[in-house]
Amino acid sequence: MNALELKGVSKAFGEHEVLKGIDLEVGEHDVVCVIGASGSGKSTLLRCVNLLEPIDEGRIFVEGREVTAPGVDANQVRRGIGIVFQAYNLFPHMTVLRNVTLAPREVLGRSRAEAEADAVELLRRFGLADKRDDYPDRLSGGQQQRVAIVRALAMRPQLMLLDEVTSALDPELVGEVLNVIRELAAGGMTMLIATHEMGFAREIADQVCFLDEGVILEHGPPSQIFSAPREARTRQFLQRIVEAGRL
Amino acid sequence: MRKALLALPLLLLLVLLASSCGGDDDGGSAGGTTTTEQASCEKGSLDLVTPGQLTIGTDNPAFPPWFEGTKEFEPWDPTTPPTKKGYEAETAYAIARELGFTDDEVKWTVVPFNQSFRPGPKDFDFDINQISYKPERAKAVDFSDSYYDVEQAVVTVEGSAIANAKSIAELKDAKLGAQIGTTSLEAINNQIEPSSEPSVYDTNNDAVSALKAKQVDGIVVDFPTALFMAAVQIDNGKVVGRLPAQEGGEYFGVVLQKDSTLTGCVNEALARVKDAGTLDELEQKWLTGSAPVLE
Amino acid sequence: MAHRQRAGSRVAGSRSSRILGGGGAGRSTLIAAASTIAFFGILVLVVVNAPGWPEVRESFFDRQIFQESIRDIAPKLLVNIRMFLIAEVFILVFGLAIAVLRSLPGPVFFPVRLLSVAYTDFFRGVPTILVIYLFGFGVPALGLSGVPNSPFFWGVASLVLVYSAYVSEVYRAGIDSIHPSQDAAARSLGLTHAQSLRFVIVPQAVRRVIPPLLNDFIGLQKDTALVALIGPVEAFRQSQIEVAGSFDYTPYFATALLFVLMTIPLARFTDWLVARQRRRTR
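Residue numbers (the numbering used here), protein chains in the order written: chain U, 1 to 247; chain R, 1001 to 1295; chain Y, 2001 to 2282.
Be aware that one or more of the hints could be misleading.
[What the hints assert, rightly or not] Now the stretches of chain Y that chain R is said to cover, found in silico as 3 or more residues with beta-carbon under 8 Å:
# : stretch
1 : 2145 to 2155
2 : 2227 to 2239
3 : 2242 to 2251
[Said to hold, decoys possible] Okay, the calculated beta carbon distance ranges per label pair:
#  : chain 1 : residue 1 : chain 2 : residue 2 : range
4  : U       : Ala228    : Y       : Arg2113   : 48 to 58 Å
5  : R       : Gln1191   : Y       : Val2112   : 50 to 60 Å
6  : R       : Arg1097   : Y       : Pro2075   : 48 to 58 Å
7  : R       : Ser1195   : Y       : Arg2057   : 34 to 44 Å
8  : Y       : Leu2257   : R       : Asp1280   : 33 to 43 Å
9  : R       : Lys1139   : Y       : Leu2257   : 21 to 31 Å
10 : Y       : Arg2278   : U       : Asp56     : 18 to 28 Å
[What the hints assert, rightly or not] List time: in silico DSBU-like cross-link candidates among lysine-lysine, alpha-carbon distance up to 35 Å:
#  : chain 1 : residue 1 : chain 2 : residue 2
11 : R       : Lys1139   : Y       : Lys2222
12 : Y       : Lys2222   : R       : Lys1214
13 : Y       : Lys2222   : R       : Lys1285
Calculated from the structure, these hints are not laboratory results. Since the structure is predicted, the reported quantities are computational estimates derived from the model, not experimental observations. Where a beta carbon is used, it is the ideal one built from N, C-alpha and C, also for glycine.
This is chain U alone, in the form it adopts within the complex (with noise of 0.2 Å):
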């Protein structure tokens, strides 16, 4: 049984079709990168996964169950799947603390110092124990985002969906948040990554997915894709990667 599996799913804004027809499957502990240009709809993308937009045509199964099928409680399907974005859209008016605590605490139903001893431990684990009194105005983009990964996996989710996580950073800051990432695919976390950094691609990734004007072209290991792309878009694409410096 696949993790993640999206079947001929589309979705349009109003006149504009942002994904027409997407089929993908993500397998258990697999680590998925989605790559394209601006616009191309990987974020639309991650946010259908996760219902927070409606899809027009298509079927959407986490863990093997259908969640686009009606009747499906959607603020349970969200319990399971933890997502990040590129704004990290920490809750400005709490602690980092009260941001990991919150949602365990509020649809988990833990108790206050459970959750709390838990969150302080995934804290420790990212270097970031000593910024849980802290206001997330205090930390810099780097802290940030990582309390956002934090916060997300908080909640145990399978499955964990990081839309440019690293776009909006500073780059002396990208590694720090590279870094976590690579942790958590090491201890087998499920990923879906809509991503720029192709060499973090290339190295992290089980499949890559080249996403264009809202169809995945092309998709296979990243040895295949990187430096034999099949599709001549595909070709073009990574060309203007390389001429950017970016891989």
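With chain U held as given, fit chains R and Y onto it using these hints.
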């Protein structure tokens, strides 16, 4: 920037000095002139607001039995054609005729009760609106002699806490109400001295609303108005009784501008109307009714 | 050229301010003080010497009447204070409820949203004084059992009904101003719409709209005077009673002063809160 800061007050100084220089009055032309002897009350030589016309003020609506609309027991709207019905209406026309005006030369204007006896210039020749003479009011305006001697009375609804009161003492624990600025309100405070503060309303209508809503047990108004309220305005209304007349008595007079040259003439006209027995007739016609005096 | 000029004046400024005994800032303060004194001094002189001033002073600023009326009016201000303290508590709660009801998504909640819109449209549309008359006299006149008929109650209730409508719009603006990514983040964690509102959106929204909320509160303090129309004697009515006797308007001035003194601390508190907010988000 610094220069501008200094220039600003200097400029202001110039402007303000210039504006304060003009408009210098010679002595007190406003207010406080000595009363001139009225040489004549001839209609032609009267000092009127609008020459050739006698402008009389009253409130809107003007209530029975003082004024009456086209239908019986209805109030009159002074902006509509005069009906000449009602105690004050007929008294006003009687005075006007004695002054030499025809009925068509009488024009009515609306003056809210509390504004009639405020100091300042008036846009009426006289105002007739159940205004009691009071020395403080007489400092601001002229009063004519009495055209009606007033008693205050308490109005209530059958079945209220005070419906069967026979004495003032029985009113002390009641919640009473009256219109603001009236001798009725003073009567509550000075004669009844209730244990709880009276409720005060902008108009008698509002006081009646409060009575109907059972927010007050009774309201105090002049006796004829009380009769009208009990008979017409309030379902199951009842006049509990009259309050004892105050020392020196209370009376209604018409109000004129302070030191008006008309005051003497109006008093003369009123005296003639009284001597002719007209006021007694009007009283019989409009103001009959009785209620016990509460001691 | 401009640079040199500025530099020159800075040097000149500090030299002369050394002579004057202050820093560069000291000189501006001196000028500010001088011009203020000149301005208001001249204003006072002009007013006091204007024709008609003695009459105006007697009519509005009579010292003896002022002292006497303050003694009678000040205790009545407690009536106003009671009214707005009670009303404000309910207004803050109802206003939020109406705003939240308006934001409930989905077709099933359409009637609730409609009700919320109708409520705010009506109570913002009708003049407050009308509402007070309607509810203050009209409802008790129905004589329904179990319904209170106290004018104080209905006066406060009317103010609550009217101000909740305004305040709900303030909350709504606050809620709308929170970036949708906050709600997205909350929902992504599995929080329900209600939980997202409760823990994430509304706390942030309320912090943002504290100045306009306080503004409405200050307005409420003044509108309590309208309740006098249905009977209760509060500060404004008391001043009316004083004026009716003497025709001197000093009691009105005294009441105005009392109201203003009451709202000044709140206004400065609002300023302080806004400044603190700005410092926090920098």
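Next item on the list: Compare the structure with the hints numbered earlier in the document and write down the numbers of the violated ones, lowest to highest.
Entry: Violated hints: 8, 10 and 13; rest satisfied.
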